[in-house]
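Enquirer: Sequence:
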Amino acid sequence: MNKLNQTLAKIFDASSLSKALSNWRQEGKKIVFTNGCFDILHRGHVDYLAKAADLGDILIVGLNTDISVSKLKGSHRPIQDEQSRLQIMASLGFVDGVILFSEPTPLELIRLVQPDVLVKGSDYQIENIVGYDIVMSKGGKIQTIDFLDGFSTSAIEKKIMSN
Numbered sequence: 018m019n020k021l022n023q024t025l026a027k028i029f030d031a032s033s034l035s036k037a038l039s040n041w042r043q044e045g046k047k048i049v050f051t052n053g054c055f056d057i058l059h060r061g062h063v064d065y066l067a068k069a070a071d072l073g074d075i076l077i078v079g080l081n082t083d084i085s086v087s088k089l090k091g092s093h094r095p096i097q098d099e100q101s102r103l104q105i106m107a108s109l110g111f112v113d114g115v116i117l118f119s120e121p122t123p124l125e126l127i128r129l130v131q132p133d134v135l136v137k138g139s140d141y142q143i144e145n146i147v148g149y150d151i152v153m154s155k156g157g158k159i160q161t162i163d164f165l166d167g168f169s170t171s172a173i174e175k176k177i178m179s180n
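Under the numbering used here, the residues of the sequence shown are numbered 18 to 180, in order.
Among the clues, some could well be false.
As the list claims (entries may be wrong) - Derived DSS-like pairs (lysine-lysine); straight-line CA-CA distance at most 30 Å:
(1) LYS27 <-> LYS46
(2) LYS155 <-> LYS27
(3) LYS68 <-> LYS90
(4) LYS88 <-> LYS20
(5) LYS155 <-> LYS20
(6) LYS36 <-> LYS68
(7) LYS20 <-> LYS47
(8) LYS46 <-> LYS68
(9) LYS36 <-> LYS20
(10) LYS88 <-> LYS68
(11) LYS36 <-> LYS47
(12) LYS46 <-> LYS88
Said to hold, decoys possible - Just the calculated beta-carbon pair ranges, DEER-fashion:
(13) GLU144 <-> MET18: 38 to 48 Å
(14) ALA31 <-> VAL63: 38 to 48 Å
(15) ARG60 <-> SER179: 17 to 27 Å
Since the hints were derived computationally from the structure, they do not count as laboratory data.
Note that beta-carbon positions come from the ideal geometry of N, C-alpha and C, so glycine has one too.
Please put together the full structure from these sequences, using the hints given.
Expert: Quick look at the structure:
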């Protein structure tokens, strides 16, 4: 399988992700889940995702659809369309799966994934993270990760607009 096909094979829908999760669980893999818009992938994202991947064996990333990004960030976003963001995310060696979600929160996706570790940025209070109850009820772990200072899509967008 060529590199592009290897990347595209990491992009899942609910049905194919369920099958992959079943296989990974049979292999005894520890499943980590995080989510976000990841509009313009930058060093801060790579740092965050690499640290999330280190918390288990398999990293699944829930990616907001274009419509949900616009609702969260404003009509000027996303800068990159969801298919581009999916493929870029899937190209990262430490990301094992990427799936789109359009709901306001990733709750349904967390119900599907049933992660062993749920990861969000440290700007969240652990008890307020969507899916906290699901993960804790099955004996999982909630982990927050500090962001790298000075790296954000909004800051990149402002820098581009000011030039």
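Enquirer: For each hint, tell me whether it holds in the structure or not.
Expert: Tested hints:
Of the supplied pair hints, the one linking LYS27 and LYS46 holds, its CA atoms being roughly 16 Å apart against a limit of 30 Å. Taking the CA atoms of LYS155 and LYS27, the gap is about 26 Å. The hint holds against a cut of 30 Å. At roughly 25 Å between alpha-carbon atoms, LYS68 and LYS90 fall within 30 Å of each other, so this suggested pair holds. Note on LYS88 and LYS20: the hinted pairing is violated, with a Cα-Cα distance of about 34 Å set against a maximum of 30 Å.
Note on LYS155 and LYS20: the hinted pairing is violated, with a Cα-Cα distance of about 36 Å set against a maximum of 30 Å. Annotation: proposed proximity of LYS36 to LYS68 holds, straight-line Cα distance about 25 Å (limit 30 Å). Between LYS20 and LYS47, the direct Cα distance comes to roughly 25 Å. Compliance with the 30 Å bound is thereby established for this hinted pair. For the hint linking LYS46 to LYS68, the alpha-carbon distance of about 17 Å falls within 30 Å, and the restraint holds.
Between LYS36 and LYS20 the alpha-carbon distance is near 22 Å, which keeps this suggested pair within the 30 Å criterion. Under the criterion of a C-alpha separation no larger than 30 Å, the hint pairing LYS88 with LYS68 is consistent with the structure, at around 28 Å. Our distance criterion of 30 Å between C-alpha atoms is met by LYS36 and LYS47, whose separation comes to about 15 Å. For the given pair, LYS46 sits about 35 Å from LYS88 by alpha-carbon distance, which is inconsistent with the 30 Å threshold.
Range check, GLU144 to MET18: about 42 Å between beta-carbon atoms, so the 38 to 48 Å window is met. A hinted range of 38 to 48 Å for the beta carbons of ALA31 and VAL63 is inconsistent with their spacing of about 27 Å. Between ARG60 and SER179 the Cβ separation comes to about 20 Å, which falls inside the hinted range of 17 to 27 Å.
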